[in-house]
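Top to bottom, those sequences are chains G and B.
Position in the first sequence counted from 1, then plus 49, gives you this note's numbering.
Position in the second sequence counted from 1, then plus 2, gives you this note's numbering.
In case anyone wonders, no lab produced these hints; they're calculated from the structure.
C-beta: ideal position from N, C-alpha, C; glycine also.
Among the hints, a few may not be true.
[Claimed, not checked] Listed next, the stretches of chain G that the computed footprint assigns to chain B, with coverage defined by at least 3 CB atoms under 8 Å from CB atoms of chain B: (1) 103-111; (2) 124-132; (3) 147-158.
[As the list claims (entries may be wrong)] In silico DSS-like links for lysine-lysine, alpha-carbon gap of 25 Å or less: (4) K147(G) / K57(B); (5) K43(B) / K85(G); (6) K147(G) / K16(B); (7) K155(G) / K43(B); (8) K66(B) / K16(B); (9) K66(B) / K87(G); (10) K16(B) / K76(G); (11) K147(G) / K66(G); (12) K87(G) / K57(B); (13) K85(G) / K66(G); (14) K109(G) / K147(G); (15) K159(G) / K43(B); (16) K147(G) / K68(B); (17) K22(B) / K147(G).
So the chains spell out like this:
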Amino acid sequence: SQELEQSPQSLIVQEGKNLTINCTSSKTLYGLYWYKQKYGEGLIFLMMLQKGGEEKSHEKITAKLDEKKQQSSLHITASQPSHAGIYLCGAATYNFNKFYFGSGTKLNVKP
Amino acid sequence: GAVVSQHPSWVICKSGTSVKIECRSLDFQATTMFWYRQFPKQSLMLMATSNEGSKATYEQGVEKDKFLINHASLTLSTLTVTSAHPEDSSFYICNAVPADLLYEQYFGPGTRLTVT
Chain G
50 SQELEQSPQS
60 LIVQEGKNLT
70 INCTSSKTLY
80 GLYWYKQKYG
90 EGLIFLMMLQ
100 KGGEEKSHEK
110 ITAKLDEKKQ
120 QSSLHITASQ
130 PSHAGIYLCG
140 AATYNFNKFY
150 FGSGTKLNVK
160 P
Chain B
3 GAVVSQHPSW
13 VICKSGTSVK
23 IECRSLDFQA
33 TTMFWYRQFP
43 KQSLMLMATS
53 NEGSKATYEQ
63 GVEKDKFLIN
73 HASLTLSTLT
83 VTSAHPEDSS
93 FYICNAVPAD
103 LLYEQYFGPG
113 TRLTVT
């Protein structure tokens, strides 16, 4: 099965600081997705990466997929309390017949 | 954009009863739907993959006789928790994949199940 490891497990940062969350797979990623969630609520889609070396940005969030397509990072610049939540990476198997999530990273931003 | 609904959004049931959760793709056809379970402070765990017209594929450790999945049409999949116990209390969420857009993932808003 596809295993996705996220690090760190939890993170507390001061407002205005930058932070990075990592997602590592034991297998090649054929589609890497980043979501934000608050427990017990739905998922908010952030970004999707497919190509090795791909990088996408939206507002203050940037996601990258490494050339080997086994690791992705999510970087938040100048964090705000509104960025707080659980960040999840998700990936599909090569034929998209399964979709797995990483272990999650809980982010807390202190004002 | 594509919308996926879940019903009910929350449910409380007594131990021993069965509960059915519906997942509907409102404006597209989904040949595949995934079901997940999320416990407090944990990530989403894939329970099973539901394909229209065929039997669901369950992940290791998920009891197929307890969590019955039916994908009778291209817009509806149901998850029935049979003989529910308090340990089944969790947040259940579905993911529908459009038939012609495998890269697209559309998640339902989730269902919170509490078994007393």
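Hint by hint, here is what the structure shows:
With 0 residues having a beta carbon nearer than 8 Å to a beta carbon of chain B, the stretch 103-111 of chain G misses the requirement of three or more and the stated coverage is violated. With 0 residues bearing a CB less than 8 Å from a CB of chain B, the stretch 124-132 of chain G misses the requirement of three and the coverage assertion fails. Under a criterion of three residues with beta carbons nearer than 8 Å to beta carbons of chain B, the stated coverage of the stretch 147-158 of chain G is upheld, 8 such residues being counted. Restraint check: the Cα-Cα separation between K147(G) and K57(B) comes to about 15 Å, which is no more than 25 Å; the hinted pair holds.
Straight-line distance between C-alpha atoms of K43(B) and K85(G) comes to about 14 Å, which keeps the hinted pair within the 25 Å bound. Of the supplied pair hints, the one linking K147(G) and K16(B) is violated, its CA atoms being roughly 32 Å apart against a limit of 25 Å. Under the criterion of a C-alpha separation no larger than 25 Å, the hint pairing K155(G) with K43(B) is consistent with the structure, at around 9 Å. In summary, the hint linking K66(B) to K16(B) is supported, as the alpha carbons are separated by about 21 Å, within the 25 Å threshold.
At most 25 Å may separate the alpha-carbon atoms for a hinted pair to count; K66(B) and K87(G) exceed this at roughly 28 Å. Restraint check for K16(B) and K76(G): not satisfied, since their Cα atoms lie roughly 42 Å apart, outside the 25 Å limit. For the suggested pair K147(G) and K66(G), the alpha carbons sit about 36 Å apart, so the restraint of at most 25 Å is broken. As the CA atoms of K87(G) and K57(B) are separated by approximately 32 Å, the hinted pair breaks the 25 Å bound.
Our distance criterion of 25 Å between C-alpha atoms is met by K85(G) and K66(G), whose separation comes to about 19 Å. For the given pair, K109(G) sits about 30 Å from K147(G) by alpha-carbon distance, which is inconsistent with the 25 Å threshold. The straight-line distance between the Cα atoms of K159(G) and K43(B) is roughly 19 Å, inside the 25 Å bound, and the hint therefore holds. The straight-line distance between the Cα atoms of K147(G) and K68(B) is roughly 21 Å, inside the 25 Å bound, and the hint therefore holds.
For the hint linking K22(B) to K147(G), the alpha-carbon distance of about 23 Å falls within 25 Å, and the restraint holds.
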